[in-house]
Structures are given as C-alpha cells and as structure tokens.
Amino acid sequence: MDLSDAPQLSDASHLSVVLDLSPTQWHLSGLLSNKYPLSLNSFLSHVLAFLNAHLASQHENTLAVFGAFPGKSLMLYSSTLHNPELQSIDSNSYAPFKLVDSTIINRISDELDAIDQSEEEAPCALVGALTKALCYVNRISLPPPSNSSTSPNTRDSTVLPDPRILILSVSPDLSTSYIPIMNSIFSAQKLKVTIDACQVYGPDAVFLQQAAHLTGGSYLFLERRDALLQYLIMSFLSAPSIRQVLAVPTQDRIDFRAACFCHKNIIDIGFVCSVCLSIFCQPVPVCSTCRTKFPIKTLQRLNASRPNVPSLSKSGPPSVVGTPQSRTPASTRNLPFPGEQPLSTTPGNGNTPATNGSNH
Amino acid sequence: MPSARPYVYADGNVHQRKAHALLPFLQSQSQNTLTKLYSKPSSCLSIFRLLDPISRQLIMNLLWLESAIPASTMQAWVTREGKPVYTEALATLTKLHIFPNSAIKLAVVPTFKTSFRQAITGGGTSGSFGVPSEKDDKRSDVDIEFLDVFALERWETILHYMVSSGSGQNPTKPSVRVLFLLQRSGLMTTVGQGPLQITSAGFQFLLHSPHEQLWELLLQYLHLTEERQMDLVDVLGFLFMLSTMELGREYSTERLSKTQTAMLEDLVDYGLIWRRKPSSKGFHPTRLATTLTSSSPPLPSSIGNRSGPQEGFIVLETNYRIYAYTDNPLQTAILNLFVSLKYRFPNLVVGAITRDSVKKALLNGISADQIISYLMSHAHPQMRKNVRLRSCNPLLPVTVQDQIRLWELEKNRLKSQEGYLYTSFASQADYDFVLNYAKELGVVLWENPVKRCFFGSLDGHANIRGFIERRTGAG
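These protein sequence lines are chains A and B, in that order. Each residue of the first sequence is one higher than the one before, counting from 1 in UniProt numbering. Each residue of the second sequence is one higher than the one before, counting from 1 in UniProt numbering.
Keep in mind that a hint or two might mislead.
[Claimed, not checked] Calculated Cβ distances over 10 Å to all of chain B for the following chain A residues: (1) L44; (2) I104; (3) E119; (4) T131; (5) N138; (6) F186; (7) Q189; (8) K190; (9) K192; (10) R253; (11) I254; (12) I269; (13) L302; (14) N303.
[As the list claims (entries may be wrong)] Calculated cross-link-like contacts (lysine to aspartate or glutamate; reagent style DMTMM-like; alpha-carbon spacing at most 25 Å): (15) A:K98 x B:D143; (16) B:K385 x A:D162; (17) A:K192 x B:E81.
No lab work stands behind these hints, which were simulated from the structure alone. Glycine is no exception: its CB is placed at the ideal position from the N, C-alpha and C atoms.
Let the sequences and hints guide you as you build the complete structure.
Laid out in structure tokens, this is it:
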C-alpha cells in the first residue's frame, strides 16, 4: 500500500448524514417487545454525539444533515449555512456543538409536528434526501468564487477531500426507488463520494448494500441497537484515509439483486433489453423504455425456458414506465451496445436472461 | 468554508506531518499537572485536536466504553500496513497519560473520559468554554474585520521589529513584555549595551508559517510561567479556552483566576485578544486565538491579500528571478533576507536570487532548506497550477533549488578540527616511530615527512605525549 498518494491524514473532511425519520418505523423500533428497543429520542441523542465527535476531530471538518420524512426531504443543518437564530451561548458547552444539536432537534420536532395524523403515511423520501446530499457535496466541492478567476476549469482538490455520506435507515427497501438509487450511486462514484450505510431497524436493505459496495463505503446491519453510538464511531467516524490503518467492517456477502423496471419488484432472474439494458421481470414484446420490438420467436423461446414463478405471471401486461433516466445505469455498465441495428437481423438476441450475482 | 492549504516541506514528506510543537511540552509535564488539565472539558477538546488522526480515532473508539478492553481486541482492527502508525499513536497517548500505562488493557483515563464526554455532549458546570459577557446595548458591537486588523497589526509589528532590527531602520517597537520574551527565547539578543539584534534562531523563526511562529512564542511563554510564579495549568487552560471561543463575541473576565487575569495583558500584546481598555470587564478573542488548535491560517486577511491571492504570491523562474506580488513591507523585508531586490512597484517586488544574497542569508544562520520551504509554501497559485496541468514537478525550478543547496555546501568547504602539531623530531627514526604509533591509534590527520611533522587529533594527544615521554625517559 502506498500512503504517499493518499490524501493527507490530517486534512479536513466533509460528512453528510441522511436520517430516515419515518414515524411509523420509529414507533415500531421503540416498542418494548423488541429485543433492543430504540426510540427516536435515544437514537437522536446517539446521533448528535456522533456528529459532535466528527466536528471535534478537526476544526475545519464540515457537516450537513438531511432528514427524510414521509413524502418529503429537507436539509436540517449545514456548516456553511449561517444560522443567526441562536444567540445565547453558555459557558459549559462548545458553541458549535450546541448550535448543531439545537438546530437539528428543533427542525425535526417542527417537521414531525407538522405531519398530518389523519392521512395515510407516504413512503419515506430517503432517495430525495440522498440526492440532496449529493447535490450539496457537488456544490461545496466546486472552488469558491473568489478563486474562479485563477482556475476556472480545474477543481481544487484541497477544498474538499474525502467527502462522505452516511445513511441511517430504518425503513425497508422501497422497490420503486431502485432507479433513482442507482442513479445516485453513479453520481456518487463520479463525485468520488463514499457512501456508508447503516440499517438501524428492519430487514437488510438490498439497495443500500449495493450503494456502499459500489462507492467503497461500508454497510452495517445493526444488531445491538442499544450500542448504536459505539457502532457509529468505530465504523463510520474515520475518514477513508484513516481506514487504511484502522480497518472498518466490510460485507462478505452483498445482495446484488435489481428491481425490474416494469413492476418495481426485486427479482432473482430478469430479462434485459439488448438495446438499452432495461430490466424486466418477464419477456416483453416491446421494450417499454426504448420501444425496441423483439422477435416473437425469441419471446417464445425465453418464455419456455423460464422457471415457474406463479406470482410474476399474474402481474399482467407490462406497463409503460420508462423514463429517460433509466438509461443512465444501463449505459454505465460496460456491455455491448448495438446502436441502431435492427433486431430482426440478429434473431435470438432479443431478450437475454440476466442473472443476479457477482457479475457486475 | 475555510480552505486549509497544508504547508509542504522541502523533503516532500507530506503525509506524515510532524507532531504538533505543544505535544512534547505536554509529554514532559508530570502526570499530576496533566490530570489537573484534563479536568477541563475545553482543554480535553483542544488537546484532542492537536493529536494525529489515528490517536484521535483510538480515543473515540474507547471513549464511550465503561470498562477497559484487552489490547489484542483493538489490535485486531489494525491493518498490517498500519502497525507502525498504530504503535506510535499508542505510545503518544500513553506519554500524555490519556491512556494508562499498560500493555494488556486499553482504556481512557477516568478524568479525561469524564471531561471529554462532557465536551461532546455539553452540560456540567465547569464553565471552561468561557463566560460570555452580558449584552450591552450602549456599546456598538465589534466586528470581525476590526479584530482581524488588530491581530494582524500586533503580530506584524513583532515580526517587522525583528526583521528590521539589524538594518538600522526604526520600526515601531512592540511592548516591553514582548521584547523580554523575544530576548528570553533567544530569537533576539543584545550586544553589549546596544539595541536588540536578531539572532540566527530569529531569522529561522521568520521563515516559519504564522501558525508555527505563534506556537513557538507561546511555548516560550509557557516555559517562563514557573519563573513568573504562574500556575501552568491555569495558563494552558486559558489558552485552550481561548481556542474554543467564538470569534466576534465578547467574553467576561469575571470568572478568570488571578493568573489568567494577569495573562490578559500579555495576550493583548501578542494580538490574541482585544480589550476596549485595560480595565474593562470583557475581552474579545481574535482569529489568532480561535484558530490555535486548527490548521486554518491564523491570519486569513494577512500577508499580501491587499493585492493578489492570499495563499501564495511568489513566482520563481529558472533564471533565478523572483516576482513577489505583495505590497506588504514585512514580506518584502523577509524576502530581502535572501533575495537581492531590484525594483519595487505598487503591488509587485522583483528581485533575483544571487550567490551573494544567499550567502548573506546563510551567514545569518538561515539554511538552504528553509529558504526552499519558504518559497514553496508561498508559491503563487499560477506555479501550483503548472504542477497540476503540465505535471512539471517539482514546484520550484530544479536548477534554482540545486544551486541554493550548492551555495550552502560551498560554505562548508573548510572543516576545522582541533588537535596538536608534533614537530622538531631529533631524527628520522624518532619521527617514524612516533608516527607509526599514532597511525596505529588512528589519530593522524595530516603528515609531512620532509618537514618531519604531523598533526594528530585532540583525543590522541594524551597517548602520544605519554609515548614520547616514556621514550625520552628510557633513552
């Protein structure tokens, strides 16, 4: 290992934290019937201590916190945002810590109070918060405007080394968010952002595992919820350069399953359009994304070779859900791209079965 | 967002920055002193920030554990390549008495643990982060710009006084207390009854980064505390408290100890704090104080920002010409230490590095490496851009770097050694006999058989002398 190319050990680092604040899930998590119940309040006190620990490490460390509420995401705190609301400080606490704590707590309680109890709870906007976090990292990693005259094209790497995003999730995977999550992952890779993820409550999150794996971060399924702070500090406090000395837990098994574009189900075996690489759970005559027509012979052959999965065959005709964004994950993979070539000239190449696994 | 540009040292050894200057001083203190120091949350936070990243992570890993854990458990987290760094970090923490001296169990000592936890979570009644003054509507608020100007003026007065002490100019004198400290620290000295003269240590001091300079002076100040019968824990605690304060806020002097009240005057002289008048009940920390434990530039508005970018202003060409975009008299004076200046324009100074100018600097005790590292750390962004875009490494032209080093070597052409010259041997045989004996001892530095003399080193003299005496006694 060559340390000389690594970012300097004592450089400042940026951390964006995405908090999943779904009221239903937190209610379930706080129930005493759990083995290790963890209420939202104690969760927040652990997280705030963790955030302060990050700020304590270096004077220049920066922080941004995003909250994912049902159907809504917003920025709760950021170091660059000057907050003049808080004027009173007391002599027993470090002013920046107090500012972080009180701002976050106030914003969260305001938002949670504003949620209408009578309506049915919308799914949690975790992806929205993640996207906002990425946009924020992108914004602050651009050189400050004063320097733009000297180096308009080169990004000053000293401004923001090691940006990281930490996702603390409690909700189960939302299969409709597969495409936006994959898009976020690819933008994170491009920005050289490490995504760490921690599933605090609920089942293992497939997409977050993939996010952590693809960006070189670490994914943790929390077993002892009462020791949340210790988990956070040991696994997520250290910047990537420190992780070269003090290792962090990595995953031995990663769930690489994808969600199909037609019904947003997480699938074991999918069918990939040979033109735009969209994924479907069953062979389709026309690709819903790029409108490519596939030869009928291929469809028959593929249908015959399918394993019998009754739940999928019931799900009706494929609906048109293609979005222009769905091309992004596909084109990033290094797979052959046939271009405008008419498919009828290459029979048998219409729908190719794609299997999940480690072939990514 | 503050952009911290790390100082790059001449040897290219960037990733392992040397430990902070204060840490060796803390390590030399007794466990008792340190424990008293650790009882203040603000001190814990500041010391924590001075440590290297691995030590910081280790403290954090252990901070929230109630009992000690076996050292092997922690060892399991360390990668094979990281072993040396890890061992070093453990040694530092043990010397600082943050970890108890034990090879089997690892833990954070209780005092540090309690205070640092308090620093992170808030609470307690220690008041160690400074008591803010009551809001007073009668007086206008002091803005940050004003404090920056004040700190800058104080600090540059000190440096400017040092740099121009030998040149016959009469710059404004800093206060007597500052002069005393400069003299005690060996940065300046008096020759007879004459005025203060800068020493070679002082010249070296001038080329350091402002952050290092500040800590160097404060360390000297700490060394003086005992002599002035000040409580070291109080002094350190106050410095650490200052470093956690908020810029632009006024703090009250009410809860300061006697020592700390006495320190206020000194700190005003150094530009670390500002007070309305010497008797007022409040004080404002300046940027010099609030950035004590960070790596951001202590004087962001300092040094040549009036024209040109702040982080670098020097362009050095392969023909030894140097263009410095600055109008700051202090920086011009520092450059004048090793550059022969040719022209001055309102925002630009042009000069050349010549043999004579470098010789002059070397005579003053400045080393070639210091010149090079000064040029590197103040290189103009345009020069840094060249490194990035055209990958023309290194930052400074190689010819110039090598030549400066060669000029330094030139100075070391003569090597002097003390010894004795043995002459007037009666016969050739006597001469050969003694010379052989001396050669066996390996102390002969020079010989001349024609003139029958040789030169032996100092430590061989007693033996040779005894040998000759025995021979003359026997003969």
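Structure-based check of each hint:
{"no.": "1", "hint": "L44", "in the structure": "12 Å, holds"}
{"no.": "2", "hint": "I104", "in the structure": "13 Å, holds"}
{"no.": "3", "hint": "E119", "in the structure": "36 Å, holds"}
{"no.": "4", "hint": "T131", "in the structure": "22 Å, holds"}
{"no.": "5", "hint": "N138", "in the structure": "14 Å, holds"}
{"no.": "6", "hint": "F186", "in the structure": "26 Å, holds"}
{"no.": "7", "hint": "Q189", "in the structure": "22 Å, holds"}
{"no.": "8", "hint": "K190", "in the structure": "20 Å, holds"}
{"no.": "9", "hint": "K192", "in the structure": "16 Å, holds"}
{"no.": "10", "hint": "R253", "in the structure": "21 Å, holds"}
{"no.": "11", "hint": "I254", "in the structure": "21 Å, holds"}
{"no.": "12", "hint": "I269", "in the structure": "38 Å, holds"}
{"no.": "13", "hint": "L302", "in the structure": "47 Å, holds"}
{"no.": "14", "hint": "N303", "in the structure": "51 Å, holds"}
{"no.": "15", "hint": "A:K98 x B:D143", "in the structure": "22 Å, holds"}
{"no.": "16", "hint": "B:K385 x A:D162", "in the structure": "21 Å, holds"}
{"no.": "17", "hint": "A:K192 x B:E81", "in the structure": "24 Å, holds"}
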